[in-house]
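Trainee: Below, each chain spelled out in residue letters.
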Amino acid sequence: MKLQDVDVAVIGAGPAGMAAAIKAREAGAEKVILMERAEELGGLLHQCVHNGFGLLYFNEDLSGPEYGHRFIEKVMDTGVTPLLETMVVRLGQDRQIGAVNTREGFITFRPKSIVLAMGCRERSRGALNIPGTRPAGVLTAGTAQRFVNVEGFVPGKKIVILGSGDIGMIMARRLTLEGAQVEAVVEILPYIGGLIRNEVQCLHDFEIPLFLEHTVTRIHGEQRLEAVTIARVDGQRNPVAGTQRVIACDSLLLSVGLIPENELSLMAGIQLDPVTGGALVDETRQTTVPGVFAGGNVLHVHDLVDNVSWESELAGESAARFAAAGKPEARGEIKVKAGRNIRYVVPQTISGRKDTTLYMRVSEPEETVRIKVGNITTKGMRAVKPSEMLKIELSADKLEKLKEGTQEIIVDCEKRGGK
Amino acid sequence: MAKEKTYICIGCPLGCEVTLTIDKKGGVVGFSGNKCKEGEKYVLEEYTNPVRTLTATVLTEGSSQPLLAVRSNKPILKTKLAQSMAVLAKARAKPPLKMGDIIVPNLLDTGADIVASSDLSS
Ligand code: SF4
Chain Y
1 MKLQDVDVAV IGAGPAGMAA AIKAREAGAE KVILMERAEE LGGLLHQCVH NGFGLLYFNE
61 DLSGPEYGHR FIEKVMDTGV TPLLETMVVR LGQDRQIGAV NTREGFITFR PKSIVLAMGC
121 RERSRGALNI PGTRPAGVLT AGTAQRFVNV EGFVPGKKIV ILGSGDIGMI MARRLTLEGA
181 QVEAVVEILP YIGGLIRNEV QCLHDFEIPL FLEHTVTRIH GEQRLEAVTI ARVDGQRNPV
241 AGTQRVIACD SLLLSVGLIP ENELSLMAGI QLDPVTGGAL VDETRQTTVP GVFAGGNVLH
301 VHDLVDNVSW ESELAGESAA RFAAAGKPEA RGEIKVKAGR NIRYVVPQTI SGRKDTTLYM
361 RVSEPEETVR IKVGNITTKG MRAVKPSEML KIELSADKLE KLKEGTQEII VDCEKRGGK
Chain E
420 MAKEKTYICI GCPLGCEVTL TIDKKGGVVG FSGNKCKEGE KYVLEEYTNP VRTLTATVLT
480 EGSSQPLLAV RSNKPILKTK LAQSMAVLAK ARAKPPLKMG DIIVPNLLDT GADIVASSDL
540 SS
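Residue numbers (my numbering), protein chains in the order written: chain Y, 1 to 419; chain E, 420 to 541.
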C-alpha cells in the first residue's frame, strides 16, 4: 500500500488501536494502517496473563492473551495493514505523520483521518518523590508484570506494593503464587484503588495485609532495597508522627496510577482535559483538531478493556466517516461539565442530536445515588466508586428533553432519598 | 454453639460484608449484612465450593519465548492453587502450540485442564 493513499491511520496497536482499525474497515474505509512501535500487535495484553477480560464484550472470561488473539485475528481478516516496529515521532496540526523504522528510515505521509490509540503509561517513583536512597528493587507493577509473565524471572522474595490499583493487586497474587512473600499492600486512600473482585481474589484469598490510609515515607538500602518505612496518613494525606513502622523487603512495586500518553497529541496542538490527561473530544471522539480522533486509555484511563474496545470502535467508525466525507461533521457544541461528586465526564462536548454514551468517574465512593444529566434523570445505583467507570447511555429521544439552546449541561451524582 | 464466617460480596461495587451463621454440623442457618439476594448466592458458593480460574505461565523448551501463558479451562478449588503451581513448575511447553492446546490434562484430578493461553512457535 502506498502511504500516500491511506484513509485512516491508527497510532498504537493495543486493544484500543486494534478495535479502532477493525471498525474503520468495517465502516467502509478502504486503506487502514495500524502503526505500532513494538514487534507485534496486542500491546500490553500479552503480559496480562490473568483472566477477567471480555466478560462484557464477549460474555466470556478470557485471559489477556486470549482477548488480544481475537482482535489480532480480526485485524487480519478485515484487511487492516499493520505497520510494525514503526514509531510515530511527529504529528502535525495538518494530520501530517512522521515516523521512523529500520526499513525505511524516516517516513512522512498525510492520511485522511487519524485515530490516536497510544494508551497510557505508569506513574513512576519520580512522579511521587519518596524520600530515601535510590537502591535497585524499586519498580512499577507493570514492569514487574513483564518480568514475571514474559521474561521469566521474579524480581524479589519479599515484596511491598504501594498503591492498590488493579495491576498492583493482580501482581500481589501472581508473585505469591510464584513463591514470593508479599508483606503488605499500602494504600494512601481510605478505600482500595482497584476492583472489589481483585481485593477479594488477589488479597484476601492469600491473606495479604492491606494498609489503608498509609503510605511509604522512606526507602532504605544502598545497593539493593532493604526495607521501607510506612506510616498512617491524616485527612490531608500527611504522615502522622509516631505511626511509622519499618517493613523489611527487597522489592517495592509501585501501582500508583496511569497517565495517558499524549506527547503526540500536544505536538499536533490538540487540547487536553486537565483532569483526564487526555484530549477534549465530542461524542464522535473527535479531538479539537479536525480529522483526529482518540479512543481508549490515551483519552482517559479505563477500568475494563471491554470499555476500551467499545469506545475505540466509535473513534474508528467516526474516522472512517471523516475520511469518506473529507470534511468535519458539525462538531458537538454543548459542553458537558462534571458536577456534584463527578470527577470527569467523557465526551466533554456533545451535539445532543445523536445517541450518546457518557463515560464518567465519581470523586468519592457513595451509596444510594442516581446520575442526573442536565434535566434528564437516569438510573439509580446502589453504590459508586472512583475505581469503577460509569457508563450512561442517552438516546437521541432522551436528549430531546434538553431545552432548546442549551449550551452547557451539568452531570451530577445525587443522593437518592428514602429508605 | 453457632459459628460465624464473614465474606465480602463481589456482586456489585457496594461490596457488602456478609456474615454467615453456621450450626454445629456446618449447615448454614443465617445470613446478615447483604443488601440483596445476590449476596446470599455468592456467599453460599464461597462457603461450600470456592473456585477460581488459575492463570500462570510455564517454561518453554525450544522456543525463543521463555514462557507460555496458561490457564485452567475450568475454575478449580482455591485450596488447590498452591499445589497446582507446583505441578506447573515441572511442566514444559514445546512448540508448536495453539491457543487452547492442553499442557497439563486433568490437573490434580480436578477435571480441569491447563491449556495454552496463546500460540507458541519455535
Ligand atoms: S449483597 Fe447485593 S448489594 Fe451487597 S455487594 Fe452483593 S450484590 Fe451488591
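Simulated from the structure, these hints should not be mistaken for lab results.
Where is the CB? At the ideal position from N, CA and C, for every residue including glycine.
One should not assume that every hint holds.
Taking CB as the label site, the calculated pair distances span [as the list claims (entries may be wrong)]: (1) Y:A325 x E:A508: 28 to 34 Å; (2) E:N492 x Y:E40: 44 to 50 Å; (3) Y:R353 x E:S541: 51 to 57 Å; (4) Y:P190 x E:K513: 46 to 52 Å; (5) E:A508 x Y:F58: 29 to 35 Å; (6) E:N492 x Y:T377: 29 to 35 Å; (7) Y:K157 x E:N492: 45 to 51 Å; (8) E:G519 x Y:K391: 50 to 56 Å; (9) E:N492 x Y:R197: 37 to 43 Å; (10) Y:R110 x E:S483: 36 to 42 Å; (11) E:G519 x Y:E178: 19 to 25 Å; (12) Y:Q96 x E:K513: 44 to 50 Å; (13) Y:E73 x E:P485: 21 to 27 Å.
Listed next, the in silico DSSO-like pairs over lysine-lysine satisfying Cα-Cα at most 30 Å (straight line) [as the list claims (entries may be wrong)]: (14) E:K456 x E:K497; (15) E:K517 x E:K456; (16) Y:K391 x E:K443; (17) Y:K415 x E:K517; (18) E:K443 x Y:K158; (19) Y:K158 x E:K499; (20) Y:K401 x Y:K415; (21) E:K422 x E:K460; (22) E:K513 x Y:K391; (23) E:K422 x Y:K74; (24) E:K424 x E:K444; (25) E:K493 x E:K513; (26) Y:K379 x E:K454; (27) E:K443 x E:K513; (28) E:K499 x Y:K157; (29) Y:K74 x E:K513; (30) E:K444 x E:K509; (31) E:K497 x Y:K157; (32) E:K460 x E:K509; (33) E:K513 x Y:K157; (34) Y:K415 x E:K460; (35) Y:K415 x Y:K74; (36) E:K422 x Y:K158; (37) E:K509 x Y:K415; (38) Y:K379 x E:K497; (39) E:K424 x E:K456; (40) Y:K74 x Y:K379.
Trainee: Do the Cβ positions of Q96 (chain Y) and K513 (chain E) conform to the proposed distance bound of 44 to 50 Å?
Mentor: holds, 48 Å
Trainee: For the pair supplied as a hint, K391 (chain Y) and K443 (chain E), confirm whether the alpha-carbon distance does not exceed 30 Å.
Mentor: violated, 46 Å
Trainee: Take the C-alpha atoms of K422 (chain E) and K158 (chain Y), compute the straight-line distance between them, and say whether it is at most 30 Å.
Mentor: Measuring from Cα to Cα gives roughly 35 Å; hence the hint is violated.
Trainee: With a cut-off of 30 Å on the C-alpha distance, tell me whether K415 (chain Y) and K517 (chain E) pass.
Mentor: violated, 51 Å
Trainee: Between the alpha carbons of K422 (chain E) and K74 (chain Y), is the straight-line distance 30 Å or under?
Mentor: Cα-Cα ~53 Å, so violated.
Trainee: Given the hinted pair K444 (chain E) and K509 (chain E), is their Cα-Cα distance within 30 Å?
Mentor: violated, 40 Å
Trainee: Is the straight-line distance between the alpha-carbon of K513 (chain E) and that of K391 (chain Y) 30 Å or less?
Mentor: violated, 44 Å
Trainee: Does the alpha-carbon distance linking K509 (chain E) and K415 (chain Y) stay inside the 30 Å limit?
Mentor: violated, 55 Å
Trainee: Would you mind confirming whether the straight-line C-alpha gap from K379 (chain Y) to K454 (chain E) stays at or under 30 Å?
Mentor: Since the Cα atoms of K379 (chain Y) and K454 (chain E) sit roughly 18 Å apart, the hinted pair holds (cutoff 30 Å).
Trainee: Does the structure keep K415 (chain Y) and K74 (chain Y) at a Cα separation of 30 Å or less?
Mentor: violated, 44 Å
Trainee: Is it true that the CA of K422 (chain E) sits at most 30 Å from the CA of K460 (chain E)?
Mentor: holds, 19 Å
Trainee: Using the beta carbons of P190 (chain Y) and K513 (chain E), state whether their distance is inside 46 to 52 Å or not.
Mentor: holds, 49 Å
Consistency with the previously given hints fails for numbers 1, 2, 6, 7, 8, 9, 15, 16, 17, 18, 22, 23, 27, 30, 32, 35, 36, 37, 38 and 40, ordered from lowest to highest.
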